[in-house]
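**Q** Chains as they are written, first to last, in the working numbering: chain D, 45 to 343; chain C, 121 to 238; chain G, 178 to 406; chain L, 140 to 1111.
There may be inaccurate statements among the hints.
Stated by the list, open to error - In silico SDA-like links for lysine to any residue, alpha-carbon gap of 25 Å or less:
#: 1; chain 1: D; residue 1: Lys93; chain 2: L; residue 2: Thr574
#: 2; chain 1: L; residue 1: Lys1021; chain 2: D; residue 2: Ser100
#: 3; chain 1: D; residue 1: Lys199; chain 2: L; residue 2: Ile981
#: 4; chain 1: L; residue 1: Lys1019; chain 2: D; residue 2: Ile89
#: 5; chain 1: L; residue 1: Lys668; chain 2: L; residue 2: Glu1040
#: 6; chain 1: L; residue 1: Lys1021; chain 2: D; residue 2: Val49
#: 7; chain 1: L; residue 1: Lys692; chain 2: L; residue 2: Leu606
Bear in mind the hints are in silico, worked out from the structure with no lab data behind them.
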Amino acid sequence: MGNIVSIVLTILGALSWGLLLGGISRTVTARIHGRMGPRVTQNFIDMWKLFKKTSSIHHGGMFWMAPMFRITGAICVLLMVPLVIGNSITYNMSFAGDIFLVIYIMFFGCLGMALGAGNSGHPYAVIAVSRGLAQMSSYELSFSIAVVAIAVGLKTFRIEGIVEAQQAGILSWNIFRFPFASAGALIAFLPMQMAYPFGIVLAPQEIPIGPPTEYSSRFLSFMFSGRALFGTAKLILFVSLLFGGASNWISLLVKTFLLYMYPVVVSSVFPRFRTEQSIRFLWFVPTSLALVDLIRVML
Amino acid sequence: MTAQSLFYWSLVVTAAGLVLIGLWGVLTRKNILRIALAFTLADTGVNLILVWSGFLPNRSAPIVDASVTSMVDPLPQALVLTSIVIGVAVAALFVVVGVLASRKSGSADVRRMKELRW
Amino acid sequence: MIRTYVGLIIVLALGAIVVSSLSNYSVPLELGSTGHNYTQRGVDDTGSVNLVTAVVVAYRGLDTLGEVVVLFSASTAVVLILTLIPMGANPTPSSSIVSFTAGVLPGAIVLFGIYIISHGHLSPGGGFPGGAVVASAFLLIMLGSNTIPGQSRLLASIESLAGLTFGLLGFWGMMTLGQFLNNKVLPVGSPGKLLSAGIIPLISLVIGAKVASELSGVFASYRKAGGEK
Amino acid sequence: MVKALAIFLPLLGAFINAWLPGKSPKASRVVSYLMLTAGLIAVIMLSIQLGAWNLRDLSDSVILSTGVGSPPLSINLEITAGGTLAAIVMYAATIFSLHRFALTTPKSQPLILALLTASLGLLFATDIFNSFVFLEIGSIVTIGLTAACKCGSRWEAAIKAALVSGLVTILYLLAVAVLYRSTGMLTLAALGNVSGASAVIVAILLLTVIVTEIKAFPLTGWGLDFYQGTSSIVAGLYSATWSLAVLLWAAKVLPLLPIGNPIIYAWIGAAGLVFSQLAGLRASSSGRIMGYSTSAYASLLLVAAGTTTGAFYTQTVIVLMIFSSIAKFSLFMLGNPEKKDQWSGFGTLLFLVPILLLAGIPPLPIFWAKFAFLAHLASGFPVIFYAVLAGLLLEAVYLFRFWSARSEKTGEKSAKRPSAVAAVLLMLLASVWITRMSWGALDFSGSIIESAGLRNIFHGLFAIGTLLCLPGVFNRIGREKSYWFWLLISGAALTILPAAGNGLTFYLLWEISAFAAVIGVSKGTAASKGTFWYAVFASLSGYLLLGGILLSKGSFAMAGVPAVLITIAALVKMGQFGTHLWNVRTYPAAPGTLPAFLSGTSSKAAVLLLVAVAVNSSSASLPWGRVIAWIGALTALGGAILAALAPDYKKMLAHASVSQLGYILMGLGLASILGWTAAIYHTIHHLIFKMALFLGAAGVLYRTGTTEFNNLGGLVKKMPWTFAFTLISVISFASIPPLAGFGSKWLLYNGLIEQGWLPVLIVGMFASVVAFLYSFRLLHGVFLGQLSPKNAHAKEAPLPLLIPQALLAMAIMVLGFKPTILLNFLVPVLEKIGLSGLAPVIQGDMVLTTMGTWNAWMVGLMVMGLFGFAFVFYWISGHKPKYVGQLDIGFAGEMPPSADEVHYSNNFFRPYQRALSFLPKIHAQKIFSGVNKTFNMLGDGVRALFTGDGRTYLAHSLIFLLLLFVFLNGGM
């Protein structure tokens, strides 16, 4: 029972934290651009507004189900990662699988969204998906090399185990023990968060908002909450993998906040790659970095 | 070397010569009828060699008679008889085919009958 | 040009083989075993004093049957090929010498041919040479005439009947003596007589008829096809 | 009496016919048929009397003595048991072809009968001069028939045959003279008495004559021109009577030649086989192709004469020659260009049987002889063995190309059903009968795979895979009608395959399965190219497998070269690393549900083969497992990229299939329990999802008539169920939890990490991510996006296709949610076969390895629960939206003009392709066309010998003679 409560709270908390972080990032971006920007709670307001709006049309079954796929995928990732180390009630479902499962279940939501975009019948949405998949297949390469390097280095695939191995002080964090792999993973983190210079999926200049082009109102609110949840889940995952996890709630919030700001900051100072440039960059730069640590581990 | 053994050797040398000349003609002549002639030449040589294979000096034809005491081998002569007739048959057919083939290709030149190859 | 040289080289090499292998032979003084057997047993076995004919018709009768088939096939093929290709209408007119000779000689030639055929087991000759002689008479007649010979049913019938007889004679031997083409199905008689040597004279006759008709058929076909268009 | 009748009745017929046809063609035909039938009966009686049908001892004989006295004075004909069998074929062929001749050249009947007599005579001749007479009859009749036939190049063909026969006459008579001069005898047996210098002369003369007459390389030229130039009827009769007689006569004479060591025949034959078949690759005319095939069999005869003796020699030669003659006869009779036959349905089959027969494909009779013969070669003559194997493979290639070129001509239905069925049945009967010869027996007693568990898995997979493809055959079009039969045969052979107890049985079933599928593929409309590629690669893998099995003497406990050959055979069958070409060409061309069978079920035979090799090896591992794993990994990646860029639904699935099979190889290469668990798990999984996908594709093709992405799209509205099942399969093969695919990846990665094969792991992981590209492309390209107006009429796929898909989708769910059901069975089985590494620990729903955990049940519950919750939440939380038309999208404030204009499909992953452009474009296609070019060049080099000038062929014979002389004198 405690588990169920923890799961519900985790979901709600992660949703709020994700929306809040989104609001903060909008403010920060605006400040960097020299604007005032919206309130930090603006995302909550938007969400609620969208949720209360009536969506009167849909484009077919998959269009209809895509937001659910998206949300389910996001929550699954969230639940597979232990939140606070030492507090086993916050481990949620992480006993059911290891880091490989997390990597692959991340695609669940992506696929759902892609299907919705496909079913919407809008060419831009599909173009965005085609770009997104191409890019994803590229950054996943460096990300998975980094994960394998770390997991093999620590001799466990269980996220819990990976976090536990980092509890001996700040130098035992994987970012210091596996600097190259971490660099690779962190570069891969940028496209994962659709940050510039890798923001080819949502590229508003070309293909309005990418995959959800046809979505509106309640559908869109589901999509947004999915994105917020997924974002938070990825943050927690990266914190657990590279930054020693969290031994208490404060450190969890601080670490995820700082990590969240990293793509926001990078994003606001870089222009965008073309798709193939992005793909090639991801193939070579972060992958080579991650490979260094992999080779170290093998030897 | 007696006259008979001289005959014996000259028989086989002549025969071999005929075969070789025939083969040379077959290999180098272009006119299909000349090739037919060359074959006939070689055939004759071969027949002589067949005769030679059963030939014994100083003996008579293999027809039994009170006066005859020693004969040559009758078998090769029988073979030659057969071989000659076969040679005639082959030559008859060869000439027909050759003449008609050269009518078809417009010339008796065997080099022009190379439609089928490779 | 290159062909001439290659041909020359091949022929010279073959010649070298001939020369090198001839040195392995010496002039023979005695008959080989087979030849010896023929000379010893030939007359008793076959009743033919001409041992060549004995070998051709009796001992190796199968070869002869085959040979007849060779000739038969060749003539059939020639006739077949030439009838499939309609050619030639007017044969070249023959000279008066030829015409005259063709009117006089054939009878004698045919007679001579028949003599050769029927005495094959007694003296040099037999079905093949005799048949060829008879055919030459037909050739002469053909050369002497200015018309194209028509389809001769007679020739075909003789040819067919002769071949059939040859085959059936073979079966006769098979049935009575268990040996295909055995010549003793008829009595051997006394060697040296015209009617002796079993079926040898009969087979000679058959062969003669066949050779004569086939060669004539070939000549006729040539004549038909060879004329000018 | 019967003896004489059997041989001389046709001759009587010939003589009678010389007179009859002008008078009454009908009467003459009656006479011919009478004589032939009577003769046939006589021959059959003789064959029964000699016990030929018993097949045990084919050299039993009776003597037909002729003339007066006995050999060497007179001539005997020796009627052997094997000879009577050949004589039956000759009679039958003559009877069959008589009416064709009666139609074209009625007056040729005496010649045909004479040819039969000559063939029979030569077949039974024991005298060297007598043989000569028959040889001459044969040559004359051949020349005559050719010159009289109604075909364009007859004069040339006749002239060349005449030239060669002239030379042969001269050489032969010289040999006769020398033989008589040195032995005083003319019987064939006397050949053994020649000694010294005469022996060399006789040997070179007769060997040249024989090689020329049987048309073995290098003295093939005239035969090629002859077969090409003469009419197909003449060629057919020739190959079934005269050619057969000459071959068997040669088989009789060759062992008698005074040549010292007969191995020289084998060398001539083996070299000739390779060279002539190289040249054969370049042949295009059907006659010429048959000529090359004849040359191949002539060379085989030489090899047999050089390497075998006694009863085995007789049996091998008789079976090879008789059945190849039958095959050639049928091909010539069928492929009669004068009649411009059109092939379809059973006509194609009728045409294919002889091709398969010539190529020695089981279960057709030649297979048994080839198998036994090659086994013999493998055991004592390795180099010759390889050469023969290579030559036979080359032969198979051009034969199949020939067939595919012929079967391209589809047209009106031909009423060939009874003859086709009869031909197949007759050949099968013959095949069963042939096995009476002790040529290795089928064995089902102890399987090559000892582990009953593993065996049962494969039995089950093959059976289920076949059964699920069968319902779909009810929906088929036109000429595709009959593929179900071949599917069934192929599936049945596969199902038995794991029970095979020895190499022969395994190979037999493997080939039956492969070639039944080849026939099935050929039933597809416009499938000729795909069939050709499939047939060629099936032959390649078949011959490699055969080579491996024979080199290891039929056992699967092998190492070294045999193991490598067999591994390559499996890789080819799976379409790995470059050989994917055949998959990509064949699957799109195959009709109906056959691609599902080929990709899903049939490819697993290769897995079984690898498993069999591994479990029989001492360490239960494959040789060079690491190499195999690398091949698997690179193929997985390459296949995935190619699949993502494929423009066609079925082609994409073909690439994807190749790619997914790569994972199985990675697992098998590991040789650890985890690796094998992953491999078998993925084998099962691949069977399930790939069949579902291809069945879906079959439905789409059936309803829309196309599989090109550019013509598809938006079908989800029309085919929701097909989409649903495809979606499930796609999610599964994209390894997304909670469906089955994740399990195979998880097990595999654990296995790879356990063994420290990290580079392989990385490539594999990358490939699995690239799989997303094509998985979405597949779903979108077919089902999502805009529905083209072209497909507006499309309906849901028919039930026979949907129900198997539903079952498979259910299986994916079950396997995904409860993989422990399978693992609980599989892991103990694998633990027993001696693999290295630790087994995964299964606790309830939990699977544990030393490093990872996986609880599929909990993950499944979580996903389903969350999805259900989100669904219900959405459902109850507000207003239900309405479906609007597909064109009602936010398109710059406009309605888009047409669905086709807003459907994004062409060049879907163009940026990805552009990003890849730094790679050198190594197309397998180009490599293969390079290989092809090389072979063509070699073939051209060889066939430059055959200049078409008749005199050149004579020069060949004479040069061959000279070389033989030099060689024999050097060697003696």
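**Q** Now, for every hint given, state plainly whether the structure supports it.
**A** Hints and how they fare:
1. D:Lys93 / L:Thr574: Outside the cut-off at roughly 83 Å; violated.
2. L:Lys1021 / D:Ser100: 6 Å, holds
3. D:Lys199 / L:Ile981: 20 Å, holds
4. L:Lys1019 / D:Ile89: Given that 25 Å is the threshold and the Cα spacing comes to 23 Å, the pair holds.
5. L:Lys668 / L:Glu1040: 33 Å, violated
6. L:Lys1021 / D:Val49: 36 Å, violated
7. L:Lys692 / L:Leu606: With Cα atoms ~35 Å apart, Lys692 (chain L) and Leu606 (chain L) exceed 25 Å; violated.
This entry does not satisfy hints 1, 5, 6 and 7, going by the numbered hints stated previously.
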